[in-house]
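Protein chains in written order, with my numbering: chain A, 1 to 509; chain B, 510 to 936.
Treat the hints as calculated values from the structure; they're not laboratory data.
The beta-carbon is built from N, C-alpha and C at its ideal position, and this holds for glycine as well.
A portion of the hints provided could be inaccurate.
To be verified - Computed spacing ranges between beta-carbons, pair by pair: (1) GLY820(B) / SER199(A): 37 to 45 Å; (2) ILE92(A) / GLY874(B): 34 to 42 Å; (3) GLN78(A) / GLY531(B): 20 to 28 Å; (4) LEU901(B) / GLU483(A): 48 to 56 Å; (5) PRO408(A) / ASP868(B): 38 to 46 Å; (6) TYR260(A) / ARG521(B): 56 to 64 Å; (7) ARG83(A) / ILE627(B): 53 to 61 Å; (8) GLN78(A) / ALA584(B): 39 to 47 Å; (9) ALA569(B) / GLN418(A): 25 to 33 Å.
Stated by the list, open to error - In silico DSSO-like links for lysine-lysine, alpha-carbon gap of 27 Å or less: (10) LYS427(A) / LYS870(B); (11) LYS411(A) / LYS870(B); (12) LYS870(B) / LYS380(A).
Read off the chains here:
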Amino acid sequence: MAALDKAETEVRDGVDRETIETVNAMSGTYKYGWATDIETEFAPKGLNEDIVRLISSKNGEPEWMTEWRLAAYRRWLQLEEPRWAMLHYPEIDYQDQYYYAKPKSMSGKPKSLDEVDPQLLATYEKLGIPLKEQMILAGVEGAEAAPAEGRKVAVDAVFDSVSVGTTFKEELMKAGVIFMPISEAIREYPDLVRKYLGSVVPPSDNFFATLNSAVFSDGSFVYIPPGVRCPMELSTYFRINAENTGQFERTLIIADKGSYVSYLEGCTAPKRDTNQLHAAVVEIVILEDAEVKYSTVQNWYPGDAEGKGGIYNFVTKRADCREARAKVMWTQVETGSAITWKYPSCILRGDDSQGEFYSITIANNAQQADTGTKMIHLGKNTRSRIVSKGISAGRAQNTYRGLVSVHPKAKNALNYTQCDSLLIGDKCGAHTVPYIEVKNNSSRCEHEATTSKVDDDQLFYCRSRGMDEEEAVALVVNGFCKEVLQALPMEFAMEAQNLVAISLEGSVG
Amino acid sequence: MAQAKAKGGAERLAAVALPASGAWLAAARGAALARAQEMGLPTRRDEYWRYTDPTTLTAATAPAAALFAAGDEPAAFAAIDRVTLVFTDGVFDAAASDDPAAAGVELTRLALAGQADIHWARELYGVLEARGQNPVPRPLAALNGALATDGVVIRVTGKAAKPVSLVYRHAATTSDAVLHHIIRLEPGADLTLLESGPGAARFSTVTEVDVADGASFHHIRTQGRDHERRTLTHIFARIGAQARFKSFTLTANGVLTRNEVVMELLGDDSVAHVAGAAMGDGGFHHDDTVFITHAAERCESRQVFKKVLKGGAVGVFQGKILVKQGAQKTDGYQISQSLLLDDDSQFLAKPELEIYADDVKCSHGSTSGAIDETALFYLRSRGVPERLAQALLVQAFLAQAIEEIEDEAIAEDIRGRLEGWLARRMG
C-alpha cells in the first residue's frame, strides 16, 4: 500500500513540474495556428449530388460506394440540424464551404513516403509528427526512456481532404495488421469495408454523421486479425489547412477476435477569422475478447479571445462491442474548437463486454463544449465506467451530456459515472445533463457529479511557494484531471498535460 | 415540429370554456388559457415528457378510475391538531370541513375570492406559474389556472395557530378535478400545509406560494393510493431572504403521478428542501420533476427523492439545479435513488446541473439497484423472516427522505402509513 502511494505521488510530481515548465515556456498563443502555403486543388464550393459524385470519383471508388454516398446525401437533405445541445452559434451555410481540398502535389499519388512533397513533410515535422519511420514522436520528453518496443508509432497523416502518407505500413502488414487511408482500403479491401462501414454508425444516424457519409474524403482504416496484438501504437494526425474548407474524415477500426490495438488521434488547424466545419465519424467494431483503446487529443483552433474564428467540431464516434468480452476504452482531451459536439459511445452488446470513457474538456474564452458519452448495456454482465472532468474559464460554456441505458435483458450490468466540473472565473458556465435509464433490478448504476471552484487553500499554498497565480491554477487543474491523464498512453499524457496548462492561459488575473 | 405540436393541442384548447368568475379571476383565467394555447399541450416528444406519457393528462375527458376500498388504514394526519378543509372530487364539502377561522390565518376559498372584482390573490394567481414557464414550458399548469374551479387562498402574517389540512376525497369513478391554491407568507410568517387523499379519478393541483423574507413554509403531502387515479401537481414557489421552504411528499400507488416543483430562491441566505418517498407496484408510474433556480447568495437547496418499485412500476426523476450568475456561495445538493424489488421495474433519471457562478458547491448523485443481498442475508441469519427483513430494508432506504420532515409528530404519521403499506403490499 505504501509503495502504491509513493508511486502516485511521483506521477503527480512529474505532472506538476512539466506543467510549470510549459506554462513558463509558452507565450500564451495557439501553438499550431500557422498555415502551410501550398497550392491546393478545390472542388467547386457548395454541396450537391455532383460534388458527392466528384469526391467519390476522385477517390476512384466502386459504384456501390458512390450509391452509398448519394443515399446518405438524399437522406441528409431531409434532416434537421440538431439544436438540443447547449451550444449557440450562427446558422451554418452548408453551401458556403469547400467539401474537397487536396494539395496539388498529391495529384499523382506518391508511391512511398520519399516521394511525398517535402513541404507537406515539413508541415508535419513542424507539428511534431515527423513522417519518417524509426522515429519516435518528437517533442515528447521522457519517451526516449521508454522501452524500444513501445516507442514506435505508426502514423497516417491526413491533410485537408487527403491522406498524405502512412508510416510503418509494411512492418504492420507482416503482423497481418492493415493500416491505411480508408480511400485506399475501399479499393483494396472492398469486402471488409463493405461489411463493416456504416454497421456501427448507420448513414442515417444523425445530421452530421449523414453529412459525413455523403462527403467523407479520407480517414484511416484499421483491421487487426484474430489473436494479433498490434505491434505498435497506431495514430492518425488530422490537419486542416485550406481556408473555408470542411474536413470530413471517416475512421473504421475492426478488432477481430482476441486482438488488441491502441489508437491515437490528434488534430490541429491554422488560425483563421472564419469558422471551419469538421464533421467526422469514427466506427469501431470489436469482436470476441478483443480490446481497443482509442485516445484523442483534440486541439483544433479554438478561435481568438473574442470568439472570432475557430473550428466547429461535430463528431460521431461509436464503438460496438459486438461479441462477448469485447472491451473499449475512449480517452479524450478536448481543449480546442470553438464548438464541440461529441459523444463517443459504447454499445455493449456482447455478454461481459466493457466500455470506459475518460474525458477532460477545457473550455476557455468564448469556447463552447457539449460532450459526453453513451453507454448502451444490451448484454449480460456488461460493465461501464465514465469519468468526466470539465473545466470552464473565461466566458466559456462546458456541458457534460451522457446516457447510461440498461436494457431489460442486460442482467447484472454495472455502471459507475463520475462527472466533475471546475469553474475558473464568474462569467463561465458548467453544466451536467445525464440521462440514466435502468430497466432491470440485477444491475447497479451509480452516478455522481460535483461542481466546485479552484480551491483557495490550494492556490494559497502554491502561491506562498513562489508560483504566480496562473502557474498555481494550472497545477491545481492538473491534479483535478489526474484520473483521466493517467488513462492516456504516455506520449499523449505528456502532450495533454502541456495542453491543460496552455488552454487555461489568460483565464486568471 | 413546434408548429405541429401547437396544432395538435389547439382543438382541445379552443374548446375550453372558462368557469364564470369575478373580474380579476376572469382576466387571470384568460391570460392562463392564452399561455397554454401559445405553448400547446405536451406530448412525449417534449424533452421533459420523454419518460412520462402525458396523453391521459391532456385528453379532453378523464379516464375512469375505480375507487379504492378505504378503511384499511387510518386517515392521514388523524393525530395532528389541524384545521381541515375537505374537497370531494374537487367540490368543497362544508359539512365535513372545520371552521377556517380556527387556523388563525386569513383563509378563504378560491371560489369565494374569485367572485370579487378585485382581490390580493391576483398578485400571485398565474403570476408565479407564468414565471415558472421559462425555460421549460409547463402548459398543463397554465391550463389548470384557466380551469380551476376551487382551491384555497391563504395569507399568513404571524405564526399560524394550527396546520391547514386539505383533504381530497375521490367519490366518482370519472371525476376530473382542478384545484388552484394561492398562499402568501408575509415577512416572518410561519405555516404548515398538509395535503392528503387521491382527489379524483384525474386530479390537477397548482399551488403558488410566495414566501417573504424570514418566513417559513412547511408542506407535507400524502397522495391517496387509489390504484387507478391520475394526479398532476405543480408547486410554484418564490422565496425571499432568510426564508425556509420545506416540502415532502409520500406517494403509494396510483396509475400515474407527476409532481412538479418549480422554485426560485430570490433572497440571500434562504433554505429550500424538496423531498419525496414513493412506493409502487403493478401499473404504477411516478414522476418527480423539480427545477430549482438559485438567484441569490448563500442559499441552500436540497432534493432528496427515493423510490421503491416493484411489479413493473416505473420511477422517473428529472431534477435540475440552475445557479445564476452572481448566486455565489450556493450550496446545492440532489440525490435520487431507487430500489428495484424485481426485474420488471424501471428507473429513469435525468439529474441536471446548470451553473453560471464559480464559488458554489453543487453535487448530485443517482443510484439504482436491487435490495442489498448482504444486508438481507444478515437479517435472515438472525431469524428475521424474509418479508420483514425486506420491509425493514425498504424503510431504511426511504428514511433519508422522511427525515426532511421537521415536525416529529407528522413524520411519525408518515412512517406509520409507510409501514402499513409495506405490511399489506410486500411479499
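Note to self: If you test the structure against every hint from before, which numbers come out violated?
What the structure shows: Structure breaks hints 3, 4, 7, 8, 9, 11, 12.
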